[in-house]
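Chain by chain, the residues run as shown.
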Amino acid sequence: MDRPTRIEIRNGRVVDPVQGIDRVASLYIDAGRIESIAERRGDFHADRVVDATGCVVCPGLVDLAARLREPGLEHKATLESELAAASAGGVTSLACPPDTDPPLDEPGLVEMLKHRARLTGRAHVYPVGALTVGLQGAALTEMGQLAEAGCVAFSQADVPFHDTQMLHRALQYAGTFGHRVWLRPQDAYLARGGVAHDGEVATRLGLAAIPVMAETIALARIFALVRDTGVGVHLCRLSSAEGVAMVRTAKREGLPVTCDVAVHHLHLCDVDIGWFDPLAHLMPPLRSARDRDALREGVLDGTIDAICSDHAPVDDDAKQLPFAEAEPGATGLELLLPLVLKWAGEAKVPLADTLARITTRPAAILGIAQPSLAAGEAADVCVFDPKAAWAVRRESLRSQGKNTPFLGFELVGRVRWTLLAGNVVHEGRD
Amino acid sequence: MTRNPQLNANGELTHLLTLEGLPADVVTHILDTAEPFVSIAEREVKKVPLLRGKAMFNLFFENSTRTRTTFEIAAKRLSADVINLNIGVSSTSKGETLLDTVDNLCAMNADLFVVRHSQSGAPHLIASHLTASGRTHVHVVNAGDGRHAHPTQGLLDLYTIRHYKRDFRGLTVAIVGDVLHSRVARSLIHGLTTMHTAQVRVVAPRTLVPTRVEALGVEVFNDMREGLRGCDVVVMLRLQSERMKGALLPSAGEYFKHYGLTVDKLEVANPDAIVMHPGPMNRGVEIDSAVADGARSVILPQVTFGIAVRMAVLSIVAGN
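Note that the protein sequences, when read in sequence, are chains A and B.
Take any residue in the first sequence, note its place counting from 1, add 474, and you have its number in the numbering used here.
Take any residue in the second sequence, note its place counting from 1, add 1336, and you have its number in the numbering used here.
Keep in mind that the hints were calculated from the coordinates and are not lab data.
Misleading hints may appear alongside valid ones.
Claimed, not checked - Computed Cβ-Cβ distance ranges for the label pairs, DEER-style:
#, chain 1, residue 1, chain 2, residue 2, range
1, A, P730, B, L1435, 31 to 41 Å
2, B, K1412, A, E548, 48 to 58 Å
3, B, V1384, A, M687, 36 to 46 Å
4, A, F883, B, G1357, 51 to 61 Å
5, A, A612, B, T1640, 54 to 64 Å
6, B, T1467, A, G819, 52 to 62 Å
What the hints assert, rightly or not - Facing chain B, a subset of chain A residues (Cβ under 8 Å, in silico):
#, residue
7, E513
8, T638
9, E674
10, L679
11, G680
12, A683
13, W749
14, F750
15, P796
16, F797
17, V823
As the list claims (entries may be wrong) - Under 10 Å between C-beta atoms, here's a sample of chain A residues computed to sit facing chain B:
#, residue
18, A621
19, H642
20, L681
21, L795
22, L881
Ideal placement from N, C-alpha and C gives every residue a C-beta, glycine not left out.
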């Protein structure tokens, strides 16, 4: 990785949702920070010029859910492999859920993760700490110490929370100290044993099903707790039309909730399971086409604040199994941008507005500085060719996880350069 | 959706994984092929050489005596070499994956796998693995996967219905019992709708009816008498004992009261209605002995036809 101090990103379409900029210009970077847009200081001599003609230059992407598999699950992926994937996907900041082995429930684990991530120099890693010890739902973690170690929020990852009294207390406690709580709304009992959306496809294929009620009942429970405690909750991975409608109503009521959706849920539905394709085994499950359309609508009208990759690298041994036994999840860091662009193209959303859903809005949920290309800001930059088509193949992915239902798809939008604090951490060669 | 994985590029049956999406002429061809095999069983020499030199592996990851035996008999009557592997759950406990097991058996030159597995889709996984690795000469026949499919049972049910009723088009068929967990029901539903059966009904309490089953082309009845009224064929499903323990049904006794087939309930069906059951039966749970052993029962002929139908399937899929 070369580390010139002065970089000129020449002639790109600079899009910055924060400043409301969308125009062709050059971006000047000096000592890791944005020096200026368009106006070159008289004494600025670039050590390196990046020709961004035809490319979009925007703040680095922010992903709310990327599993890096460390500690403990290095046979699936490593920090090195997944942060390289992040760079290749234009992602410069990411939150990683606590579902590691052991879970992120001790400050030492979090410090180690932050330290190792910093050593790679590839992306800012924001760990989400475990809300309860071992994600067991029985005892609160030491959230204060975990926050000091670097946790930006607390969650149960995908581990269900059975005990409502315990969840109530967790919200009260987190709220006392202003910690953020992220929850994936899924009722443990209704989801028990289920692997696919409760509908025609699961019935045809004889797969144990998860009804939409598993989401709506969990949402109703969370909203009641939020109403009681006044503690804000971020809802992870909405999956159903009814869920979107409930969040819309809750927001209208003024409840302090935000939510995200996994990008694959904007494009796929249960029919894509085909004949038991384990790559389409995701959690929450792919639901009906009607649900998918409602999720797209929810992103469009802002009910859903952010789009995330829900990156989950899974080893082939865990995927090459009968559908229900295959581990759920898909690799996603490198597909986030092109899949969001695909949605935006189909929904006719302007580029700045589109990019806000994978930059500024997730940053607000994380509670980090708004990513921007304003002078003086850290130069976390993504430069992508919005017209470049590429085929999703195992070989084209840097992630150690090659599992994605989009294998074989041709997507449009390819990251050419990613900069972290002014360092070029990814340079695309196709 | 991917191409129907059981047909090759020429539209010929290379695996039998499900009856869903199988063209009616392929189904009819299987049933027609089975006809002469029924009479072979009555001959002194019960063998034909259609699968001579072929190695068929009975790959049963779930216990079954009956289905395994009928496949074994069918294969032996076709002169195939049969190797029975009662894997149960032991191979997974040894750490060997399903596909490793398959690869090992392929290395022993298997020509045909008859697979039973507790997971829906396991035979599809094996078939697509064989295709992906270029082993298109190895065939898979699904002998029951999870709740998904039991296509040879569906075919033998179709054979039995055709034998007694000749044409599907005017028939009303009721399938009674645990449809939710039944691969037999799913396969029969697909088979009947493919053959243009006039009306297919499922009869069960709401806890045992899968979501949106109407989309498969059936009408749902919760009341047994209404469901049986005017039926030409009544297919009773086996109720697994673990379903009777409270979460889905309060008791076997209450189930029998509402959904057990008795002479009395059968009154409302057509006078010449036949009664079928895939076996093994739970007498006094889903069916009364007076019906099971009665004049309308064709349960034992089903077993006989089952061997002929499996011979037909094996010879079409793996024959030269």
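Comparing the hints with the structure gives:
1. P730/A - L1435/B: 31 to 41 Å: For L1435/B against P730/A, whose Cβ atoms are near 48 Å apart, the range 31 to 41 Å is violated.
2. K1412/B - E548/A: 48 to 58 Å: Given about 50 Å between the Cβ atoms, the range holds.
3. V1384/B - M687/A: 36 to 46 Å: violated (54 Å)
4. F883/A - G1357/B: 51 to 61 Å: violated (24 Å)
5. A612/A - T1640/B: 54 to 64 Å: Cβ of A612/A to Cβ of T1640/B: about 58 Å, so the range 54 to 64 Å holds.
6. T1467/B - G819/A: 52 to 62 Å: Check failed, 34 Å falls outside 52 to 62 Å.
7. E513: It is violated, given that the least Cβ distance between E513/A and chain B is near 55 Å, above 8 Å.
8. T638: violated (22 Å)
9. E674: OK, holds: E674/A within 8 Å of chain B, min 4 Å.
10. L679: holds (6 Å)
11. G680: holds (3 Å)
12. A683: OK, holds: A683/A within 8 Å of chain B, min 6 Å.
13. W749: holds (5 Å)
14. F750: Holds, about 3 Å.
15. P796: At 4 Å from the nearest chain B Cβ, P796/A passes the 8 Å test, so the hint holds.
16. F797: Constraint on F797/A satisfied, holds at 5 Å.
17. V823: V823/A check fails; min Cβ-Cβ to chain B is 29 Å, beyond 8 Å.
18. A621: violated (41 Å)
19. H642: violated (28 Å)
20. L681: Hint on L681/A: holds, closest Cβ of chain B at ~6 Å, below 10 Å.
21. L795: holds (7 Å)
22. L881: Where the cut-off is 10 Å and the nearest Cβ of chain B is about 12 Å from L881/A, the hint is violated.
Hint compliance for this structure: hints 1, 3, 4, 6, 7, 8, 17, 18, 19, 22 are not met, and every other hint is.
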